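K.L.:
The hints should help you fit chain C onto chain D, whose structure is shown.
First to last, the sequence lines map onto chains D and C.
Last residue of the first sequence: 384 (our numbering), numbering continuous.
Last residue of the second sequence: 1625 (our numbering), numbering continuous.
For the record, the hints were derived by calculation from the structure and aren't laboratory data.
Check each hint, because a few of them may be wrong.
Below, in silico cross-link-like pairs of lysine-lysine (DSBU-like), each with a Cα-Cα straight-line distance of 35 Å or less [unchecked claim]:
id : chain 1 : residue 1 : chain 2 : residue 2
1  : D       : 217       : D       : 194
2  : D       : 217       : C       : 1537
3  : D       : 194       : C       : 1537
Using C-beta positions, here's what the derived DEER-type ranges look like [to be verified]:
id : chain 1 : residue 1 : chain 2 : residue 2 : range
4  : C       : 1518      : D       : 118       : 52 to 58 Å
5  : D       : 143       : C       : 1472      : 40 to 46 Å
6  : D       : 97        : C       : 1606      : 51 to 57 Å
7  : D       : 213       : C       : 1603      : 41 to 47 Å
8  : C       : 1458      : D       : 97        : 23 to 29 Å
9  : D       : 333       : C       : 1528      : 35 to 41 Å
10 : C       : 1372      : D       : 220       : 22 to 28 Å
Source: prediction; values computed, not measured.
Backbone N, C-alpha and C fix where the C-beta goes; we use that ideal spot for every residue, glycine too.
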Amino acid sequence: MQRHAKTGGSSLVVEDVGKTFGHGTDEHRVIEGLSLRVDPGEFVCIVGPSGAGKTTLLRCLSGLIRPTSGTIRYGDEPLTRPHADIAVVFQDYRGSLLPWMRVRDNVAFPLEGMGVKRAERNRRAEECLHAVGLADVGDKYPWQLSGGMQQRVAIARGLAYEAPVLLMDEPFGSVDAQSRFDLEDLTLSLRADLGITVILVTHDIDEAVYLGDRVVVIGGRPTTVVDNLQVDLGTDRDQITTRADHRFTDLRTRLLTRIREAQAPAERTPARPEPKPAPDETPSGGTAKDGIPKDSPAREKTARAVR
Amino acid sequence: MAISTTDRRPAAPDRKRRARPARRTRAGGPGRRVLLLLQLSAVLAVLLLWAALAAAGLVSSTALPGPTAVFGTFPELFGTSAYWQAVGDTLNGALTGFLAAAVIGVPLGLVTGTYAAAEQSSRLLVDVLRSFPVIALLPVFLLVLGSTPTTKTTVVFLACVFPVFLQAQYGARSVTPMIAETMDSYRVPRHLRFRKVILPSATPSVMTGLRLAATTSVLVAIGVEVLTTLPGIGHEVVLAQQGGAAAQAYAYIITAGTIGYSINLLSQFAERRLLRWRPPAHTD
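Bound conformation, chain D alone (with noise of 0.2 Å):
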């Protein structure tokens, strides 16, 4: 696929950000001391506990809200608002795409912000979602897809915006396990091709050594970087063998120590009140409340027997 853009961007440096929700009494730190850095070209999977603000670093990261406090800067630049060279792909397909588009209109119209023509717009976006798998439903609504080729759909908008650095977060969250495996190979494959910086956020340690050249644990309260993991895997990876893989075992073991470790103190000091969750930390997507996930076929049978 020809891309415009330089490929990898600039580093990502997060510097002592905290991020605070509300006033006085009801004041919560969900984010305190974290730092962290994205070089270009790296696929960095940060991941950490339901709850630890793993959404409001992303958005921090892409430039939709401000820290509290530290900086984050994209190359030499503060970041302080949505930047041109960042992407965000979102849990929410089926919120995020529009549903009066038809796919190519979606995958093409943040490039009509940008004031490109309606020909490239409709070369590129064809292009990308070729990338994705999606060669030939350009003519339909998202509705008339399910709920894994939405996403491509998302996916296919963010490449299509030629942001060197894409930023996901839970992307394959809400789809069922194979298109999940399909979505991360795609994903892996992606950035093979295309050099492009990936920052993907997931609750999913599996997910996250599967995928990350580096996995950056998250947790705590407030929540701060608590490990910070190379993945020696190499770039050829397989959902079966590397999944079996005793280095893939050992890292994930590793991980869920550390994870374990950072939730516990909060567990054994039951006087501080447990604070509320951010706004945007509320569980959407992914699992329901009766642990089917939202698009398993399992929920719609439940959801039709309850009808």
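P.N.:
Same frame as chain D, now just chain C:
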């Protein structure tokens, strides 16, 4: 009379109507043709009841003539210019007031809905203004504007502008935070966002407002005609009643009902055309 139908809580865009036929057939209910047949027989049943009531003489024929007498006046009425003049006068007043309400209410609603500050600062004013019963203000308008078609149009406008405005405002606010955030992160400029995100997002709600207003406009126009001497269907009803021509009065009432029903059909058709992007069932 449905004159102050402007509820603060905006009516949800009518989604069920379109979904109904599909769901029926899937659930093994009556098919489309059978459904139509059932609906028509319900209408027929009411007509028969009406005929029975009139024939039994429970109500005097001057108060309630039978359906044959009422429908029998139509051929004669269709031949008179007075009939068409009345229909034209009513439609003219209703349409002018409705269009003015749409032209002013929709853009104003969309803009104030887009900006939270504008919506909040205008709320008190709007709530106070829309609480005035329009018909009760009729004597004031008659005093100021006289018994002119402008009075009719103004009253129709006032009755229509609030539902239109509130539905448009509600529609503009219906852009989900998720979409707003996505548009922010892709740095979609404001004008493009208004045209291709807020506008389509608001369309279902705007259409509901316009449909409510379209029906209201005819109701209010006829109401004004009944209460004043302004020409139109409402005035003809009063004249026919006073002249003892009950059948003719009912014929005019049925005419008004037919107009209202046609407006509803038309707006449903327009809505379907504009909202083709929506999934057929539009649930979940």
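K.L.:
All hints, please: hold or fail.
P.N.:
Hints versus structure:
1. 217/D with 194/D: holds (22 Å)
2. 217/D with 1537/C: Given pair residue 217/D, residue 1537/C holds - Cα atoms ~18 Å apart, limit 35 Å.
3. 194/D with 1537/C: Distance ~16 Å between residue 194/D and residue 1537/C Cα, so the pair holds.
4. 1518/C with 118/D: 52 to 58 Å: Because 32 Å falls outside the window, the suggested range is violated.
5. 143/D with 1472/C: 40 to 46 Å: Holds, since residue 143/D and residue 1472/C (Cβ atoms, about 42 Å apart) stay within the stated range.
6. 97/D with 1606/C: 51 to 57 Å: holds (56 Å)
7. 213/D with 1603/C: 41 to 47 Å: Holds: the Cβ-Cβ distance is about 43 Å, inside 41 to 47 Å.
8. 1458/C with 97/D: 23 to 29 Å: Hint holds: Cβ distance 25 Å, inside 23 to 29 Å.
9. 333/D with 1528/C: 35 to 41 Å: Holds, since residue 333/D and residue 1528/C (Cβ atoms, about 39 Å apart) stay within the stated range.
10. 1372/C with 220/D: 22 to 28 Å: Distance hint for residue 1372/C, residue 220/D holds at roughly 26 Å.
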